[in-house]
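*Asks:* Model the full structure from these sequences, guided by the hints.
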Amino acid sequence: MKGGRRWFLWAALTYAVIIAAVTFGLFNLYDGSRAILDEALGQRLLGVAGSLAEMSDGERIFFATVGDTSEGYYLETLKEKWERIRRQENLAEITLTGITLADRLDDKIIFSTSASLEVGGPNDFWELDREAVAQAALGKPAVTRLYQLGGPGGLMQKSAHAPIFNYIENSRDVVAIVTVSGNPDFFSALGALRGGAFLTAAAVLLILVLMGIFLFQINRSLERYRASIMRQENLAAMGRMTAGIAHEIRNPLGIIRGAGEHLQRVIESAGIKDEVADFIPEEVDRLDQILTGYLAFGSDKEAVAETFDLGDCVRRSSGLVSAELETAGILMEIADKLPPAPVRGDPRRLQQVLLNLLLNARDAMSDGGTLTISMVAEGTSVVLAVSDTGTGLAHVPDGRLFEPFWTSKEKGSGLGLAMSRRIVEDMGGTITLEDRVSARGARAEVVLPLESDK
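Mapping of the sequence shown onto our numbering: position 134 corresponds to residue 161, and the numbering continues sequentially without gaps.
No lab work stands behind these hints, which were simulated from the structure alone. A portion of the hints provided could be inaccurate.
[Stated by the list, open to error] Cβ-Cβ distance ranges computed for the label pairs, FRET-style:
id	residue 1	residue 2	range
1	52	172	22 to 30 Å
2	142	96	21 to 29 Å
3	154	100	25 to 33 Å
4	67	115	12 to 20 Å
5	95	59	48 to 56 Å
6	465	227	47 to 55 Å
7	393	461	19 to 27 Å
8	154	240	49 to 57 Å
9	305	393	29 to 37 Å
Note that beta-carbon positions come from the ideal geometry of N, C-alpha and C, so glycine has one too.
*Replies:* Rendered as C-alpha cells:
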C-alpha cells in the first residue's frame, strides 16, 4: 500500500511538472510568435506609410488644407492611387490627416479609404495611441502598439503613421500625416496560433491522462500479480509444512479411529444405542480429509467432487457445534426447513468451511450473543449467510482477512479463512466477510452454484 501511494505521488508530481513545462513552452511559443508577427507587421506598415509619404507632394497638400480648391483634383488622384495600394497590400484603411501649424495635433481628415472616417472631422483612431501620433507630428515615423477594438474579443488593430513635409524656404514643416492600418484578417494568424496552442495543450493533457490511466492499470495488474506470487509462495510454504507433519498426524488418527470402532462394537454388544460413539470414526475421517485438503491446498491438487445437498451439510455442521455454542451463551438461529440446494464439491471440505465460520463467530462473541444461519436460493446460485452480533472485523480489508498465515487471534494459525476461500472457489463459488451495516457484528456470505438436473 505504501509503495502504491508513493508511486501515485511520484506520478502526480511528474505529471504536474510535464503539464507545467508544456504550458510554459506553449505560452512562450505564443508570446514569442505574437511579438515576431507584431514586429513584422509594424515594419510592413511603416514601409507602406513611408512610401506613401514620399510619393505625396506636401506643398500641394498644404494649400489644399488652407482652402485652395484648385488642388482638389490632386487629392482625388492621390486617393485613387492609395485605394489601389490598399487593395494590393490588403490593408484596412489609409487616411490622410492634416495638422495645423498652430497646434500640430489639431487634426482634420483630408480623405480616407475608410467610410467610417468623415472628411473634415477628427481622426478618432488617433486617440488609441496618441504617443505614436505625436512622434509622427514631430517628423518621425512611428507605429502603434497592437490593440483590440472594443476590448477583449474585438478586432485586432495596428497602425503606422508617417509625416508628410512641406519644404518652404529651407524649412521642413509637417503638414499632414498618412496613417496606414493593418487588415484585421492579418491577425487571424495570432488567433490560429492561440487556438493551436490551446489545442496542443488539450491534446497533451488528454494523452497524459490516457497514459496515466494506462500506467495505473499496469500498476494494478502488477499489484495483483505480486499478490498472486506472494499467495503462491505462501501456498508452497504451507505445502512444505503440511507434508512434513502429515505422516505424524495420520498415525495417531488411525489409532483413534480404531479405538472408536472398538468402542462402537462394545456399546452395540451391550445393547446400547448412542450416536455420540458414531462421531468418533466419522470425525477422524473428517480430520483426515482436512489434512488431505491442507495438502491439496499447498500442492494445487483438485479435490474429489460429488453432488450433495447444502442444507444437509449445514445441519450437520451446526449440530457439531450446537452444544459448544450453548455453553458459550450463544443462541443459534437456523430455520427448521432449509430449501433444497444441490451443489457439487467435497461435502467434507465444505463442512470444514462452515465449521470455521461458526467457530470464528463464536470467538467474536466472548460475552454471548446470537448467531444466525440463513440459506436462500437465487436463480442458479444459493446464498448461505452466517451472521453474528460480535465485535466485528475492526475494518480489516477483505483481502487481508483471507491472506494465508495472517490472523488477528493470539492462537490462530491464519489458515482457516484462506483454506475456506480455496475450498469455495474450487466449487465455483465465492466467499466474503464484512461488517454488518445496520447492526453490530459481522456477516459471512458463501455463494455456490446450484447443480442442475441435466
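*Asks:* Are the hints correct? Go through all of them and say.
*Replies:* Each hint tested on the structure:
1. Here the CB-CB span from residue 52 to residue 172 is close to 26 Å, well matched to the stated 22 to 30 Å.
2. As the Cβ distance of residue 142 to residue 96 is approximately 23 Å, the hint placing it in 21 to 29 Å holds.
3. At about 32 Å, the CB distance of residue 154 to residue 100 agrees with the hint of 25 to 33 Å.
4. A hinted range of 12 to 20 Å holds for the C-beta pair residue 67 and residue 115, which are about 18 Å apart.
5. A hinted range of 48 to 56 Å for the beta carbons of residue 95 and residue 59 is consistent with their spacing of about 50 Å.
6. Separation of residue 465 from residue 227 is about 53 Å and conforms to the stated range, judged on CB atoms against 47 to 55 Å.
7. The given range of 19 to 27 Å is respected by residue 393 and residue 461, whose C-beta atoms sit roughly 21 Å from each other.
8. The given range of 49 to 57 Å is respected by residue 154 and residue 240, whose C-beta atoms sit roughly 54 Å from each other.
9. The given range of 29 to 37 Å is respected by residue 305 and residue 393, whose C-beta atoms sit roughly 32 Å from each other.
The earlier numbered hints are all upheld by this structure, with none contradicted.
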